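Engineer: What follows is the residue order along each chain.
There are 2 protein chains.
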Amino acid sequence: MGSNPKQLSIAAFMMRYGHHVAAWRHPETDLLSNPFKVFRDQVRSAERACLDAVFFADSVALTGAPSLEPLTLLSALAASTERIGLIGTATTTYNEPYTVARQFASLDLLSDGRAGWNLVTSDNAAEAANFGRDQHVAHADRYARAREFHQVVTGLWNSWDPDALEVEKSGALPYDPAKLRKLNHRGEHFAVAGPLNVARSPQGRPVVVQAGGSETGRDLAAGTAEVVFTAQPALAKAQAFYSDIKRRVVEKGRKPESVKVMPGLFAVVGRTQEEADAKFAQLQALIEPKAGLALLGRMIGNFDLSGYPLDGPLPELPPTQDGQRSRQQLLTDLAQGENLTIRQLYERIAGGRGHFTVVGTAEKVADQMQEWFEQGAADGFNFMSPALPGGLDDFLALVIPELQRRGLFRTSYTGSTLREHLGL
Amino acid sequence: MGSNPKQLSIAAFMMRYGHHVAAWRHPETDLLSNPFKVFRDQVRSAERACLDAVFFADSVALTGAPSLEPLTLLSALAASTERIGLIGTATTTYNEPYTVARQFASLDLLSDGRAGWNLVTSDNAAEAANFGRDQHVAHADRYARAREFHQVVTGLWNSWDPDALEVEKSGALPYDPAKLRKLNHRGEHFAVAGPLNVARSPQGRPVVVQAGGSETGRDLAAGTAEVVFTAQPALAKAQAFYSDIKRRVVEKGRKPESVKVMPGLFAVVGRTQEEADAKFAQLQALIEPKAGLALLGRMIGNFDLSGYPLDGPLPELPPTQDGQRSRQQLLTDLAQGENLTIRQLYERIAGGRGHFTVVGTAEKVADQMQEWFEQGAADGFNFMSPALPGGLDDFLALVIPELQRRGLFRTSYTGSTLREHLGL
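Protein sequence lines correspond, in order, to chains W and C.
Take the first sequence: its letter number 168 is residue 168 in full-length UniProt numbering, and every next letter is one higher.
Take the second sequence: its letter number 88 is residue 88 in full-length UniProt numbering, and every next letter is one higher.
Among the hints, erroneous ones may be present.
Since copy identity is lost for identical chains, a pair holds within one copy or between any two.
Derived pair list, reagent style DSSO-like, types lysine-lysine, alpha-carbon separation capped at 27 Å [unchecked claim]:
no.: 1; residue 1: 37; residue 2: 364
no.: 2; residue 1: 237; residue 2: 290
no.: 3; residue 1: 290; residue 2: 364
no.: 4; residue 1: 179; residue 2: 37
no.: 5; residue 1: 252; residue 2: 279
no.: 6; residue 1: 364; residue 2: 252
no.: 7; residue 1: 279; residue 2: 364
no.: 8; residue 1: 169; residue 2: 37
no.: 9; residue 1: 37; residue 2: 6
no.: 10; residue 1: 37; residue 2: 290
no.: 11; residue 1: 290; residue 2: 169
no.: 12; residue 1: 169; residue 2: 237
no.: 13; residue 1: 364; residue 2: 179
no.: 14; residue 1: 169; residue 2: 255
no.: 15; residue 1: 179; residue 2: 290
no.: 16; residue 1: 252; residue 2: 179
no.: 17; residue 1: 279; residue 2: 169
no.: 18; residue 1: 252; residue 2: 169
The set of hints was computed from the structure by calculation and includes no laboratory data.
In this text the structure is predicted, and so the values were computed from the model without any measurement.
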């Protein structure tokens, strides 16, 4: 069982309404208070197409629109699906490791081994203000805490042997105490005795995912991640990132194939190039300037652009904190390199937010994916639907069969856990 | 829509294996690592019988056996059911209010208004040791924190108006900002800005449940709870508790019917008295003395009884902390009143752990429930199955129809939310 190393790993990065900043204004997007059934139907479609996983980002503050919380949502999706992996985000900055370890272990167990944890740190003031901090936690401190947090969580996931609950009813306990380990962790940030009170799942432990772009983020990912999500705008940069991560992974004493690098892919797919262009143009025309400015402002380090002329250049920006520096740099490079106005810049990121973006036919999208895969830029992709449900439907109906025809993607699941789908 | 005040509220208190200390040794009990499908099938049975809710207790340390974590489990159950209420426990001692508010709001929204939060404080050393504390938090501090925690959580649940997401797509935002409130809470224990990033559910907000037996616990419940779970061994004590809670509720300026008092009910049901007795005897014969001693030791304030003769009297006990004092008192009264040995005492609590216990036919169980209901001891019951699945099956198949024949329980759901089922 498991994945074929000559095939892509593909996840669907699910976002309320879709990833385009104007997705909620698209005629086919729902505005229901409860988006569960929309997500459920989309995830079932992704499962019929044999995707490795669905992925939900998170923020512990209101950003954009209210939605569902990832762990509760993924647990409900676990009961609504059979095979697809379920990756959710939980911050190490404002949680306790026992709680995160336990909730992901529980999702992993009830889904029969399909859970993944996207480990993040939180760097914005709105999030800090919901957890009694006036200021966000400094970058270096957040990463030191994150590193120790990961150590505690994975240690707790190791509490139970796989067969610890296979006991005789004539015994004294419903588990074998010799197959149970306490943790007794005492570190700088945490003291956690253990053991975890959730048994081990069929995949051993949840898959650990990360998305750090900064130096410290890459270093943490190289030491701890099994999947790295990343925003890469073009092939050359993606290749540099890919080889940098694999080099760091080897330096940490791990095998390069033990980490899957999966850039985001924002693709607008049509049966013809004209149809794809028209779909994209429809979304671009729906961008509200305030929403475009707000998105751009967030991505360059929470800088307020509302005083600057829309059709003028991006102003000189104050240096932002390390965690957002790589994204800020990417955007200022883009604006200067192509001499873009503020409006042109927010239009450029309104869909993919700096991720790899393709607008075209299934053949064109598959060509690009194949090139990145074969040229050492990606082990797979995290597909970002422009608007739900149509954008994901198009990708599943058109691009997945094209990848399957090329032998680049599975036509049926061969394993049953997320770890098996990813070949980890 | 809603409940009939002349009818009982009934929840099923779900416990891995069942409530009897030897339930896991019962021949029909499963020992699977993943108990999800067992819980799912049982909860679906409870829903077919139109129960108000299922309820899961919790501990943030290993006690008894590993199981699933309540919020993830209830979310998976939400996707597996349509109408039954879903009540889970989360401690105020080791969580952050933003996280608890958000996860319960998300469960409430994705279940279309069926969530309930059992607010507890944590008082044991094993739990403290998983959250970096060498000692549990003192009783008074825990309750002061719990009171403020409740204030923050319910404040966050009030972030969104019911129609806040009913907007035109021509607007600037996918919600109406005039229908959104920040919290800006600054108290002794928490500073939380808000708003919550989960929209309001059809029942407005999750139902708040509590189970405090101590003075401070009752006071907190009277001010904040909508349902009070309680352990009451006999009618007179249950009546005293019931009237005490209702009196306190009125003193807080609330209507007495705004709080439902629901004692636990441990019932072993047979088609004849002999069958019920035999079922109970089968479980009692499975008690392992070590397990019986450990259960008793936990319930009298974590006191180690292993050095005392099983067939001798209960020793003089050191005073325990306030949170466990009412349970300790209940058990020492019972032992002294009936001159019980240690073995007899643990056998007495091995099933119901001090809760109202009935062994008999459906008529006998229904008679007792009716008496408590009509004599001012209970608004309903939290049914504790001796062992799963048979114990709950018997109660649903035999006792529920008997209560329905008497007009004491609904024959179909009239509402769709937990709040409507409970008539709150």
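Engineer: Going back to the hint list, which numbers does this structure go against?
Structural biologist: 1, 2, 3, 5, 6, 9, 10, 12, 13, 14, 16, 18
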